[in-house]
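So the sequences go chain by chain: A, B, C, D, E and F.
At position 17 of the first sequence (counting the first as 1) the number is 601 in our numbering, and the numbers step up by one without a gap.
At position 8 of the second sequence (counting the first as 1) the number is 592 in our numbering, and the numbers step up by one without a gap.
At position 35 of the third sequence (counting the first as 1) the number is 619 in our numbering, and the numbers step up by one without a gap.
At position 50 of the fourth sequence (counting the first as 1) the number is 634 in our numbering, and the numbers step up by one without a gap.
At position 87 of the fifth sequence (counting the first as 1) the number is 671 in our numbering, and the numbers step up by one without a gap.
At position 126 of the sixth sequence (counting the first as 1) the number is 710 in our numbering, and the numbers step up by one without a gap.
It is worth saying that the hints were derived from the structure and are not from the lab.
Incorrect hints may appear among the rest.
To be verified - Heads up, simulated BS3-like pairs for lysine-lysine below, C-alpha to C-alpha not over 25 Å straight-line:
1. C:Lys637 to C:Lys607
2. C:Lys588 to F:Lys714
3. A:Lys676 to B:Lys588
4. A:Lys630 to D:Lys637
5. C:Lys637 to C:Lys611
6. A:Lys630 to A:Lys611
7. D:Lys630 to A:Lys630
8. D:Lys714 to C:Lys714
9. D:Lys714 to C:Lys588
10. C:Lys714 to D:Lys607
11. D:Lys611 to D:Lys630
12. F:Lys630 to F:Lys676
13. B:Lys630 to B:Lys611
14. E:Lys607 to F:Lys714
15. E:Lys714 to B:Lys588
16. E:Lys611 to F:Lys630
17. E:Lys607 to C:Lys588
Okay, here's what each chain looks like letter by letter:
Protein chains: 6
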Amino acid sequence: MAQKPIEYRDASPAVRAVFDDIKTSRKVEDVNNFWKYLAHDPASLKRTWDSVKAIMTPGALDAVTKEMIYLAVSVTNGCGYCIASHSAAARKAGMSEAMFGELMAVVGMANETNRLANGYRVPIDPAFDK
Amino acid sequence: MAQKPIEYRDASPAVRAVFDDIKTSRKVEDVNNFWKYLAHDPASLKRTWDSVKAIMTPGALDAVTKEMIYLAVSVTNGCGYCIASHSAAARKAGMSEAMFGELMAVVGMANETNRLANGYRVPIDPAFDK
Amino acid sequence: MAQKPIEYRDASPAVRAVFDDIKTSRKVEDVNNFWKYLAHDPASLKRTWDSVKAIMTPGALDAVTKEMIYLAVSVTNGCGYCIASHSAAARKAGMSEAMFGELMAVVGMANETNRLANGYRVPIDPAFDK
Amino acid sequence: MAQKPIEYRDASPAVRAVFDDIKTSRKVEDVNNFWKYLAHDPASLKRTWDSVKAIMTPGALDAVTKEMIYLAVSVTNGCGYCIASHSAAARKAGMSEAMFGELMAVVGMANETNRLANGYRVPIDPAFDK
Amino acid sequence: MAQKPIEYRDASPAVRAVFDDIKTSRKVEDVNNFWKYLAHDPASLKRTWDSVKAIMTPGALDAVTKEMIYLAVSVTNGCGYCIASHSAAARKAGMSEAMFGELMAVVGMANETNRLANGYRVPIDPAFDK
Amino acid sequence: MAQKPIEYRDASPAVRAVFDDIKTSRKVEDVNNFWKYLAHDPASLKRTWDSVKAIMTPGALDAVTKEMIYLAVSVTNGCGYCIASHSAAARKAGMSEAMFGELMAVVGMANETNRLANGYRVPIDPAFDK
Numbered sequence: 585m586a587q588k589p590i591e592y593r594d595a596s597p598a599v600r601a602v603f604d605d606i607k608t609s610r611k612v613e614d615v616n617n618f619w620k621y622l623a624h625d626p627a628s629l630k631r632t633w634d635s636v637k638a639i640m641t642p643g644a645l646d647a648v649t650k651e652m653i654y655l656a657v658s659v660t661n662g663c664g665y666c667i668a669s670h671s672a673a674a675r676k677a678g679m680s681e682a683m684f685g686e687l688m689a690v691v692g693m694a695n696e697t698n699r700l701a702n703g704y705r706v707p708i709d710p711a712f713d714k
Numbered sequence: 585m586a587q588k589p590i591e592y593r594d595a596s597p598a599v600r601a602v603f604d605d606i607k608t609s610r611k612v613e614d615v616n617n618f619w620k621y622l623a624h625d626p627a628s629l630k631r632t633w634d635s636v637k638a639i640m641t642p643g644a645l646d647a648v649t650k651e652m653i654y655l656a657v658s659v660t661n662g663c664g665y666c667i668a669s670h671s672a673a674a675r676k677a678g679m680s681e682a683m684f685g686e687l688m689a690v691v692g693m694a695n696e697t698n699r700l701a702n703g704y705r706v707p708i709d710p711a712f713d714k
Numbered sequence: 585m586a587q588k589p590i591e592y593r594d595a596s597p598a599v600r601a602v603f604d605d606i607k608t609s610r611k612v613e614d615v616n617n618f619w620k621y622l623a624h625d626p627a628s629l630k631r632t633w634d635s636v637k638a639i640m641t642p643g644a645l646d647a648v649t650k651e652m653i654y655l656a657v658s659v660t661n662g663c664g665y666c667i668a669s670h671s672a673a674a675r676k677a678g679m680s681e682a683m684f685g686e687l688m689a690v691v692g693m694a695n696e697t698n699r700l701a702n703g704y705r706v707p708i709d710p711a712f713d714k
Numbered sequence: 585m586a587q588k589p590i591e592y593r594d595a596s597p598a599v600r601a602v603f604d605d606i607k608t609s610r611k612v613e614d615v616n617n618f619w620k621y622l623a624h625d626p627a628s629l630k631r632t633w634d635s636v637k638a639i640m641t642p643g644a645l646d647a648v649t650k651e652m653i654y655l656a657v658s659v660t661n662g663c664g665y666c667i668a669s670h671s672a673a674a675r676k677a678g679m680s681e682a683m684f685g686e687l688m689a690v691v692g693m694a695n696e697t698n699r700l701a702n703g704y705r706v707p708i709d710p711a712f713d714k
Numbered sequence: 585m586a587q588k589p590i591e592y593r594d595a596s597p598a599v600r601a602v603f604d605d606i607k608t609s610r611k612v613e614d615v616n617n618f619w620k621y622l623a624h625d626p627a628s629l630k631r632t633w634d635s636v637k638a639i640m641t642p643g644a645l646d647a648v649t650k651e652m653i654y655l656a657v658s659v660t661n662g663c664g665y666c667i668a669s670h671s672a673a674a675r676k677a678g679m680s681e682a683m684f685g686e687l688m689a690v691v692g693m694a695n696e697t698n699r700l701a702n703g704y705r706v707p708i709d710p711a712f713d714k
Numbered sequence: 585m586a587q588k589p590i591e592y593r594d595a596s597p598a599v600r601a602v603f604d605d606i607k608t609s610r611k612v613e614d615v616n617n618f619w620k621y622l623a624h625d626p627a628s629l630k631r632t633w634d635s636v637k638a639i640m641t642p643g644a645l646d647a648v649t650k651e652m653i654y655l656a657v658s659v660t661n662g663c664g665y666c667i668a669s670h671s672a673a674a675r676k677a678g679m680s681e682a683m684f685g686e687l688m689a690v691v692g693m694a695n696e697t698n699r700l701a702n703g704y705r706v707p708i709d710p711a712f713d714k
C-alpha cells in the first residue's frame, strides 16, 4: 500500500504549523508534494524543514548557487523528484539556461573524471594533504 | 600490477604537449597525478584535458562556482582523490572556509532529502512539468 | 526491444519449478514481476531465488529487520521497483508506519553524514581499527 | 590545504557545548574525529548533532536496529569512515557477529537485485501501488 | 518549467551539423531524444558527440563489448533513459539474450561483492599493488 | 573492533572446503583477502563463491569480457578493493593496456552521459520501448 499525500485540510496542528511556515517563507500558496508525504512523520517533517530553511538561507553563498549545488547532487544521485523540484527552484532563484547548461557540463565532467581517478587508482598528490 | 605515473621526462611528445598546455593554462610547475596516470592513454588524456579546459573556463558561471559544483559531485560520489584535488582547486579559486561549510551543508542536506523523496515515493508535482 | 514478463503458463519446467517454490514459500498466488522478468535467464532466476530465500530466512535477524535493511539499501540506490516491492514486503512482515518513519529518518541522516565525512576528509579514529 | 581536527582545548564555547552534550549523551571521554572536523562549521555541528541525537534515540525501532540501518547505508555508499564508526557503534549497541554476517548478506543481495530490477527494466506490479 | 526537445527543423546550423553527423555515422533517420535535449547547449552537444563518437569506435575493444560496458555502468547507476537506449544499442551491435543474461548476472554479482568488500573492510592484498 | 582475516590453518572444515575449491579452480596457492574476511560467515562464503564461480565461468561471454564488466561496475561504485582485485583478474584473463584504456574511457563517458540524461530529464524514445 503506497502512501498518500496529506493535504492541509486533513493535517494535524503540528503539520499545519510547518506547512504555514513553508508557505510564508517561500511565498507560495501550497507546499510541494515532498512535504505532503513527509507529513506522515511530523517530527521528521519539522526537523527536515527547519534544516532546509537554515541551510538554504543566503549566507556566504547566495540562493542560486545553493540551489545549483542541490541540483548537482540530485542529478548525480538520479533522484527524479529532486531534479524536477530543484530545477524549478534554481530557475526561480535566477539560474538562466546558459547557467544550467554549464552546470550540467560540470556535473557530467565531474562524474566522468571521478571514475577515471578511481579506475587508474590515482594516489593523492602530497600537495593536497599539506 | 598497478600502474605508475608517467613523468614529463619519460613522456611521449603527444603527452608532453598536453602536459605543457596544462602547465601553461594553470600556471603550475608540474601536473597533478591525475594527468600522469591518464597519460597511459594519450588519446584519453588529450580528450579529457580539452573537455575539462573548455568546461571549467568561466562563462555564465564563474570559476569558484564551477569548482564548488565539481566538489559537490565528488563528495556525493565519495571519490577521495577528486575531493582532495577539487577542494584545493576551489580554495585556490576563492572558496573561503565559510563558503566550504555552506557547500557541505547543502551537499549533505541534498543527499538526505534525495533519499526521503525516494523512500516516500513522492510523485512529481504537475507544476514542475509544465 | 524491451523484454516482456514470462507468465507461468508460458514458462519452461525449470522456470515453473522456481515459480512454484516462490509461491509455496511466500504463500502467494502469483510471483512478482521481478521474477517474471528474471525468468528470461533460468539459471540466474534459480540462483537469485535460492540466495534470496536463504538470506531472508529469519536467523540472528528477524524477518522485518531484514526487510527494513533491504529497503534502506533500495532507497539509498534509488531503485524504484525495489522500493515499491520491499516497502510492501516490510509492511507485510510487520513494519508499522512509525517504524517506516524512523527507518527513513535514519536512512536520510546516514546519507547526509556519509557525505559530510567524505567532504571534511575525516580520518578513521584509531579506536575503530583496534 | 587539508583541514585539521578541532580539539576541545582549542574549541569555541559553542563548539564545546556540543562536544559536552555528545560526551554526556554517549558516555564517552572524547568525541570522534567526525565531530572534531565538523566543528569547523559550528552551526552545522550543532544542527547535525541535534538531528543525529533525535533520530538515533530508540523509539519504534531500537538502538541496534537503527545502527544496523546506518551501517547498511554506509556500506552501500562505500563511506570508509562511516563503515568503521558505525560498525563500532552497532557492535556497542548489541550487534553480534552473526547479526553482522546476516546484515552484510542482506545488503549484498539488495545491491545485486536492485541492479537486476534496473537492468531487466521491471515495471512495478499494480499491487504495490494500491 | 521542463525543457522540450529541439527538433531538426527548429535547430540552429551548429546543432544541425551535429545532428547530421550523428545520423550519418549511425545510419539512422533521426537522432534520439538525448541529443534533442542536449541541443539546448550546442557547445555541450558537440563536445559530447565528438567524445562519444571517438570513444565508441571499435579499437582494442569491439562495438558490442563497448556497448555492454556502457550498459553495465548505466544499470549500476540506475539511469532509466540510458538503460533503455544502451540496451537497444547493445542488441543492435550484436548482444544476444544469452549475452544480456550473463552481463546482468556479472553486474548484479559485482554490485553485491563491492558491498561485501566495503562492509568487511577488506584490505588490498599486497600482490595487487606490485 | 575491526575483523581479522581467517587463514587456512585457523579455518573450520567448511571454510577450508571453500578455500580448497577456490585454490583448485583458480590455480592459486592462497585465496585473496576478500575470501579470508568473508570466512567469518561460512554460509555467506560458500554462497558467494558458488555464485561467483557459476557466473564467471565463460559462456556466451568470455572470461576477459566478464572481468572487464566486473571492473566497470567496481570503478563506477568506487570500491577500492574491488578495483585492485579485478584489475589484476582482468589483466590475468587477457586485458591489455589498450583494452584497459578503452574500458576506462567508456566507463567515464557512460558516467557522464548518465548524468546529462538525468539532468535534462530526457524521456525514453518510444522506439526503445517497442
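Hints versus structure:
1. C:Lys637 to C:Lys607: holds (12 Å)
2. C:Lys588 to F:Lys714: holds (10 Å)
3. A:Lys676 to B:Lys588: violated (48 Å)
4. A:Lys630 to D:Lys637: Holds. Lysine 630 of chain A to lysine 637 of chain D sits at ~15 Å (cutoff 25 Å).
5. C:Lys637 to C:Lys611: Given that 25 Å is the threshold and the Cα spacing comes to 13 Å, the pair holds.
6. A:Lys630 to A:Lys611: holds (18 Å)
7. D:Lys630 to A:Lys630: holds (16 Å)
8. D:Lys714 to C:Lys714: violated (49 Å)
9. D:Lys714 to C:Lys588: holds (22 Å)
10. C:Lys714 to D:Lys607: holds (21 Å)
11. D:Lys611 to D:Lys630: holds (18 Å)
12. F:Lys630 to F:Lys676: holds (24 Å)
13. B:Lys630 to B:Lys611: holds (18 Å)
14. E:Lys607 to F:Lys714: holds (21 Å)
15. E:Lys714 to B:Lys588: holds (10 Å)
16. E:Lys611 to F:Lys630: violated (49 Å)
17. E:Lys607 to C:Lys588: violated (29 Å)
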